Amino acid sequence: MTNTLLHETKTYKLSEINHIIGGMLNLAGDDISVAKIAPPGLADEKTLALAFSEEEIAKLSESNAGAALVPLGVSIESLSTIEVERPKLAMMKLIHLFYVPVDAPAGVHPTAIIDPTAQIGENVSVGANAFIGRGSVIGDNSKILPNTYIGKFVEVGKNCFFNPGVNIGDFAKLGNNVVINHGASIAADGFSFVTESAGTIETAKQQGKVEGDFTAQKIYKIPSLGSVTIGDDVEIGANACIDSGTVENTSIGRGTKIDDLVMIGHNCKIGENCLIVSQVGISGSVTIGDRVVLAGQVGIADHVSIGADSIVMAKAGVSKSFPERSIIIGQPAVHRKEFVRQLKGLKDAGRLAEEIKSLKKEIGELKQG
Amino acid sequence: MTNTLLHETKTYKLSEINHIIGGMLNLAGDDISVAKIAPPGLADEKTLALAFSEEEIAKLSESNAGAALVPLGVSIESLSTIEVERPKLAMMKLIHLFYVPVDAPAGVHPTAIIDPTAQIGENVSVGANAFIGRGSVIGDNSKILPNTYIGKFVEVGKNCFFNPGVNIGDFAKLGNNVVINHGASIAADGFSFVTESAGTIETAKQQGKVEGDFTAQKIYKIPSLGSVTIGDDVEIGANACIDSGTVENTSIGRGTKIDDLVMIGHNCKIGENCLIVSQVGISGSVTIGDRVVLAGQVGIADHVSIGADSIVMAKAGVSKSFPERSIIIGQPAVHRKEFVRQLKGLKDAGRLAEEIKSLKKEIGELKQG
Amino acid sequence: MTNTLLHETKTYKLSEINHIIGGMLNLAGDDISVAKIAPPGLADEKTLALAFSEEEIAKLSESNAGAALVPLGVSIESLSTIEVERPKLAMMKLIHLFYVPVDAPAGVHPTAIIDPTAQIGENVSVGANAFIGRGSVIGDNSKILPNTYIGKFVEVGKNCFFNPGVNIGDFAKLGNNVVINHGASIAADGFSFVTESAGTIETAKQQGKVEGDFTAQKIYKIPSLGSVTIGDDVEIGANACIDSGTVENTSIGRGTKIDDLVMIGHNCKIGENCLIVSQVGISGSVTIGDRVVLAGQVGIADHVSIGADSIVMAKAGVSKSFPERSIIIGQPAVHRKEFVRQLKGLKDAGRLAEEIKSLKKEIGELKQG
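These protein sequence lines map, in sequence, to chains C, V and U. In this text, residue positions in the first sequence follow our numbering: the first is 1, and each later residue adds one. In this text, residue positions in the second sequence follow our numbering: the first is 1, and each later residue adds one. In this text, residue positions in the third sequence follow our numbering: the first is 1, and each later residue adds one.
Worth flagging that the hints you see were computed from the coordinates, not collected in a lab. Treat each hint with caution, since some may be false.
[Stated by the list, open to error] Cut-off 27 Å, straight-line C-alpha distance, at most; resulting in silico cross-link-like pairs (BS3-like, lysine-lysine):
| id | chain 1 | residue 1 | chain 2 | residue 2 |
| --- | --- | --- | --- | --- |
| 1 | V | LYS361 | C | LYS360 |
| 2 | C | LYS357 | U | LYS337 |
| 3 | U | LYS344 | V | LYS205 |
| 4 | U | LYS269 | V | LYS337 |
| 5 | C | LYS361 | U | LYS360 |
| 6 | C | LYS209 | V | LYS344 |
| 7 | V | LYS360 | U | LYS361 |
| 8 | V | LYS357 | C | LYS361 |
| 9 | V | LYS337 | V | LYS360 |
| 10 | U | LYS344 | C | LYS269 |
| 11 | V | LYS320 | C | LYS347 |
| 12 | U | LYS344 | V | LYS337 |
| 13 | C | LYS367 | C | LYS347 |
| 14 | U | LYS269 | C | LYS46 |
[What the hints assert, rightly or not] Calculated Cβ distances over 10 Å to all of chain C for the following chain V residues:
| id | residue |
| --- | --- |
| 15 | MET24 |
| 16 | ASP31 |
| 17 | ALA58 |
| 18 | ASN147 |
| 19 | LYS205 |
| 20 | LYS320 |
Note that the coordinates shown come from a computational prediction; the quantities given were computed from them, not determined experimentally. No residue lacks a Cβ here, since even glycine has one placed at the ideal position from N, Cα and C.
Using the sequences and the accompanying hints, generate a full structural model.
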């Protein structure tokens, strides 16, 4: 068995593919059938090679590819091509042609544990050793893979797909078409604690230093009365964590995509169609507008808000709020223009020391005569 | 079903609530019963609204709330209020009144796999498909939720609560009242390796550059002979990881709270009552004093120690040790005062270049005349 | 039960140990038997104390240790020692002597769910509630612990060890001796999306700002047609995530060690014998050469390549490619030499402002007189 087998289950004629992806077909020979897609270096005569960059296009001349998908305006001598304006969009459609879905047969596996009060919709798949608690509702056509845990009074919409090992806490409310990847945690308790009197952080905020005796302080947990609400078409990455709200639900807007190992804290309100890249950490009570992009490893401090259509660059540490359409970078994060100034300043500092030295010398000479 | 149902299971009179949270009750009408707590914007006449900030207090005038919990000294015309000195503490007590615990019925679920040599205390809950290995001991009243794995010779104290999907390796030793959230990993092998001769890192440390041929080097794993010791009242977040020690146990002090996706490496000694926020990464053999706060995404290099009552600000990269009561920030991390200087320097650098230019001009003029 | 029990199952004479680790034995008395290894502070007369640092060596005089393992050239009065050139290497060998492996009896647990078309090798252990999908192949002597999920057409080599709660997606291909820790995710869908027309990021890249109306844009998922290929001798940490490739497989080279909570995105090509420390995030389509070390919390932007034998320091944010043997640091990451200059500049900036002030004064005086 090799992984290439996975592409060889179906074949499509170039003209069929062209019709589906809406490109421009240039036949250099027969309207052949292709059985897979691959980069030029891995292509054989049954392959439609994907050549989007100049580098990949150059490789086509040495490739065994039967045909190639190329950007608009690119032509390759004696090779059938399909030209497209937006190659990544065409690739998405192509992948759907060849994609082999994860096995999730309709029906409840005999080892699954489902509370008798739970309601399971039509055509639902519940995998081996999955657990569904009392009063929970699973919408039609949803697929719950093995070893997934769903607590009590959870609402799951239609056409959802939960990969193995997902954990969903009580009272969570998920829309339709929600995809959750391996081991993600939805509606675990928020990280919220309180002490009888001011602790080190409160003191430091007031006084700028840590003074006092905190040894007797007990830390009390604030349990989460709220849960998590997730809109339609949301995708959540492997081992990502979305914590329950304290009193209200933490909420994720429709269409937002969340990558692996992202942390979204209690009480956050995340807008629609956001892209939240791997290992982003969002503290408690943060508000993120619609269509915001948070690049990898960004951190956002509690109670901050980020306006719609903003972009936060990778690793930024955001400790204040920003308006709509901001481009945010750095730590502490600032508008991109300010960051460019800072970076220039950093590069200049060495040179400045040199210049000051030479100015000193000139002044010395002036003084002497 | 809506999530608000969750709040409507119990009701309390305002006077009862006031008695429990120790506030000052101002009745503007009857001593009504409330069935839930919520922010003013989501409150109805059966709700005790939580209005702690000026913003939320202002919303009370337009709210349907039956009453409000407010900070000491705040009075609202024609609305019953309970004034409290420390609203977050009062909220914690209130939430306990309305909280609906996760289902974890006493007894062993028929699908749980428990080694015959394991000892299960009184009133313990072991959920569906949970696994408990040989020689392990589970203290009275502890709750082990579905799909949790507990290896061999693990000691678990009383009143612990392990959410679904937790994995605990061999020989781990947990105190009483330990809470572990979804999918956390306790006592996985530490990340510890060795090569026959010096590798790239060792070479770079000695020579300041990477020179030599390392192609033949094999990397040997150092298995973890130690495990993990966790004190009473510790809470560990979803998908967090606490690795086993190499020879001694990694240890987490009593009362310390650890957020989601935190990594604590092998051999670390973490003090008592620390707060370790999401996505913090602590390398091997680090010592953290009592009551230290590590804010989100902080990283701490191996063998570093941080003194008691210190605060490490979000995203700091700590590569050296700091004494007690330090406030630490930046990357490489420094005392806060030094950081403020650095930041000012960064902002100044652009201005300095301008000033030097003007000084040059003045000197030129002086020279000429 | 205490954790020290774990060390007391076997005993070895000092001469036996010396023979195994290839050291120099100095007997101060009998060739005693030792039953465990520990730091000097925790050692008793049946313990071989590990004293590698000056600090630990100093503690030997007050220790009850029966003998000590010390670096070459260290001698301790009236205590038997074994001197070794490379103490960490010797410790690795010693730990293997005393190590108690995780229970994983050969055979298939009755609660495991194995598709009839899956092929299970000789002497394989499949734990409670583990799931193995259709067409998957498990090599001889591999151990699959409880609650692990293996999808369809997955290939697992010989002598692999998968800890509890691991999730492995369809078509993944793992070599021999692969170790995966608690809850790690292999071959979850990559984070790859596309819109019909340019989104905010594309616009910002072209124009330097976010302009236009993006409200109507739908985000389309690009499913992963590829999977993940993992070479021999790879180790993957707890709750780490390695995502599937878009068309080709994401690949991890032979001998590479990956720590907890690391994220490796779709299409990455990771070399052999790399060390990737906790919470590192590698975006899509990154190429990492052989023997590269990525320290904790490093982030690497998509399409970047890092040459062989390079070292990327903790928390660096790498947004461009670097050649072989680079030492990389900072955010945005630069060669170490450049970083040292930057840091110096930052420290200098305050002083420069002072110097400019004094120069101004001198020029003023010169002008006046």
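Now the hints, each set against the structure:
1. V:LYS361 to C:LYS360: 14 Å, holds
2. C:LYS357 to U:LYS337: 22 Å, holds
3. U:LYS344 to V:LYS205: Roughly 20 Å between the alpha carbons, so the hint for LYS344 (chain U) and LYS205 (chain V) holds.
4. U:LYS269 to V:LYS337: 43 Å, violated
5. C:LYS361 to U:LYS360: 14 Å, holds
6. C:LYS209 to V:LYS344: 20 Å, holds
7. V:LYS360 to U:LYS361: The hint holds at about 14 Å.
8. V:LYS357 to C:LYS361: 16 Å, holds
9. V:LYS337 to V:LYS360: 33 Å, violated
10. U:LYS344 to C:LYS269: 41 Å, violated
11. V:LYS320 to C:LYS347: 25 Å, holds
12. U:LYS344 to V:LYS337: Roughly 17 Å between the alpha carbons, so the hint for LYS344 (chain U) and LYS337 (chain V) holds.
13. C:LYS367 to C:LYS347: 32 Å, violated
14. U:LYS269 to C:LYS46: 25 Å, holds
15. MET24: Since the minimum Cβ distance to chain C is about 18 Å, MET24 (chain V) lies beyond 10 Å and the statement holds.
16. ASP31: 23 Å, holds
17. ALA58: At roughly 17 Å from the nearest Cβ of chain C, ALA58 (chain V) sits farther out than 10 Å, so the non-interface label holds.
18. ASN147: 6 Å, violated
19. LYS205: 25 Å, holds
20. LYS320: 19 Å, holds
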